[in-house]
Amino acid sequence: QQQVKQSPQSLIVQKGGISIINCAYENTAFDYFPWYQQFPGKGPALLIAIRPDVSEKKEGRFTISFNKSAKQFSLHIMDSQPGDSATYFCAASGVQGAQKLVFGQGTRLTINP
Amino acid sequence: GAGVSQSPSNKVTEKGKDVELRCDPISGHTALYWYRQRLGQGLEFLIYFQGNSAPDKSGLPSDRFSAERTGESVSTLTIQRTQQEDSAVYLCASSPASRGYIQYFGAGTRLSVL
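Which chain is which? The protein sequence lines are G and C, in order. Residues 17 to 129 in this note's numbering are what the first sequence spells out, letter by letter. Residues 2 to 115 in this note's numbering are what the second sequence spells out, letter by letter.
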């Protein structure tokens, strides 16, 4: 119930291509779905997040698509750049007060120049 | 400082020794979290503190693990009688009261148990 499943484990995309990472959750009490980006030797940094009252959120080249009925959400990176090479984690939590994040297993993204 | 600060950045210890890891949250943040990240894995929740409320310890893997926080400031994570399976990066995050679901992470402490 508390798991968030993320795929793929690793992804290689050519520069300029679209990177797509998928996540699925079980707990319907989750109502906040962030994506974190982590570079080697650094802590995760919040990239973009969505609440379940919208089906899509876009910030620059990054878009989250959210399917509440399927309990799935995905990250799309348009015009992928070598600087986007990092590990990406999806996560889920509640919103009321402080809430622990439940993380996916991570996707190591490599953008080839 | 401007961000979450963790120390030490790296710690090598012998099996059976105790270790203490430190986290300085962003000033004014009421909530503080500890996570563990094993090599190639996602982040695993350990414990969180929210103001003066009792901490949520539900993620601590064994009684060898404990954590303390003084008010809304520094926190220490202590691992007693370390085992090789404790080797991981330990990450601390903090969040403000107004938007408690947004967590800001430190760079972590890489713990290696030999």
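Keep in mind that the hints were calculated from the coordinates and are not lab data. Treat the hints with caution; some may be incorrect.
Below, simulated DSSO-like cross-link-like pairs (lysine-lysine); rule was C-alpha separation at most 27 Å, straight line [as the list claims (entries may be wrong)]: (1) C/12 - G/87; (2) G/73 - C/12; (3) G/31 - G/58; (4) G/31 - G/87; (5) C/58 - C/12; (6) C/58 - G/21; (7) G/73 - G/87; (8) G/58 - G/73; (9) G/73 - G/84.
Do the hints match the structure? See the list:
no.	hint	result
1	C/12 - G/87	40 Å, violated
2	G/73 - C/12	40 Å, violated
3	G/31 - G/58	23 Å, holds
4	G/31 - G/87	30 Å, violated
5	C/58 - C/12	23 Å, holds
6	C/58 - G/21	23 Å, holds
7	G/73 - G/87	16 Å, holds
8	G/58 - G/73	26 Å, holds
9	G/73 - G/84	14 Å, holds
Of the numbered hints listed earlier, those contradicted by the structure are 1, 2 and 4.
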